[in-house]
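Trainee: Numbering (our numbering), first residue to last: 1 to 168.
Heads up, a few of these hints could be off.
[Claimed, not checked] Computed list of lysine-lysine pairs in DSBU-like fashion (alpha-carbon distance at most 30 Å, straight line):
| no. | residue 1 | residue 2 |
| --- | --- | --- |
| 1 | Lys-136 | Lys-36 |
| 2 | Lys-36 | Lys-46 |
| 3 | Lys-125 | Lys-136 |
The hints are simulated quantities; they were obtained by calculation from the structure and are not laboratory data.
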Amino acid sequence: MIKLYTFPPSTNSRKVRIALIEKGLEFERINIDLSKKEQKNPQYLKIHPFGQVPALDDEGFIIYDSTIINEYLEDEYPYPPLLPKDSEGRARARLMEDFRDTHFNPHFVEIIHEVRKPEGQKDLKLIEHAKAEITKCFERIEKELEGKEYLAGTFGLADIAYMSNIDL
Numbered sequence: 001m002i003k004l005y006t007f008p009p010s011t012n013s014r015k016v017r018i019a020l021i022e023k024g025l026e027f028e029r030i031n032i033d034l035s036k037k038e039q040k041n042p043q044y045l046k047i048h049p050f051g052q053v054p055a056l057d058d059e060g061f062i063i064y065d066s067t068i069i070n071e072y073l074e075d076e077y078p079y080p081p082l083l084p085k086d087s088e089g090r091a092r093a094r095l096m097e098d099f100r101d102t103h104f105n106p107h108f109v110e111i112i113h114e115v116r117k118p119e120g121q122k123d124l125k126l127i128e129h130a131k132a133e134i135t136k137c138f139e140r141i142e143k144e145l146e147g148k149e150y151l152a153g154t155f156g157l158a159d160i161a162y163m164s165n166i167d168l
């Protein structure tokens, strides 16, 4: 059985969890509590050498990084497909997921970390800057969606990547 090492609030963990559910795959959730530093446990570091979540164990094959995990799931379990069949559509989906990973999500996470701090310790300038950057990201996403229901034409990994930033 597939094992997903996850921390429920983690957006990247959610990204993999949603893909597993969309593919109809059974999996065991193993929660790694980042607030308790469980990701630094020597046993977990054998699974993920950088001590991050998510990680996935598929019958002894261990892989980490949410985007790489989802690519693996698409290759290993192709039905239902979460990437378009054509190379242009696949490239577009990967570009949009990369944009989420490198531009959108880091600012989202900055805000989450700051708003959880006690009053007086929050960096309001950082929050405002992150909000402005997220607004720019939304403009790019809206432009990409123009005339389409989904980022790559059909529902898939690119859409899941952004869904993961919604607290489900």
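Trainee: Evaluate each hint against the coordinates.
Mentor: Results of checking the hints against the structure:
1. Between Lys-136 and Lys-36, the direct Cα distance comes to roughly 34 Å. Violation of the 30 Å bound is thereby established for this hinted pair.
2. The straight-line distance between the Cα atoms of Lys-36 and Lys-46 is roughly 18 Å, inside the 30 Å bound, and the hint therefore holds.
3. Proximity of Lys-125 to Lys-136 is assessed by CA-CA distance (about 17 Å); at most 30 Å being required, the pair is judged to hold.
The structure fails to meet hint 1 from the earlier list, while all remaining hints are met.
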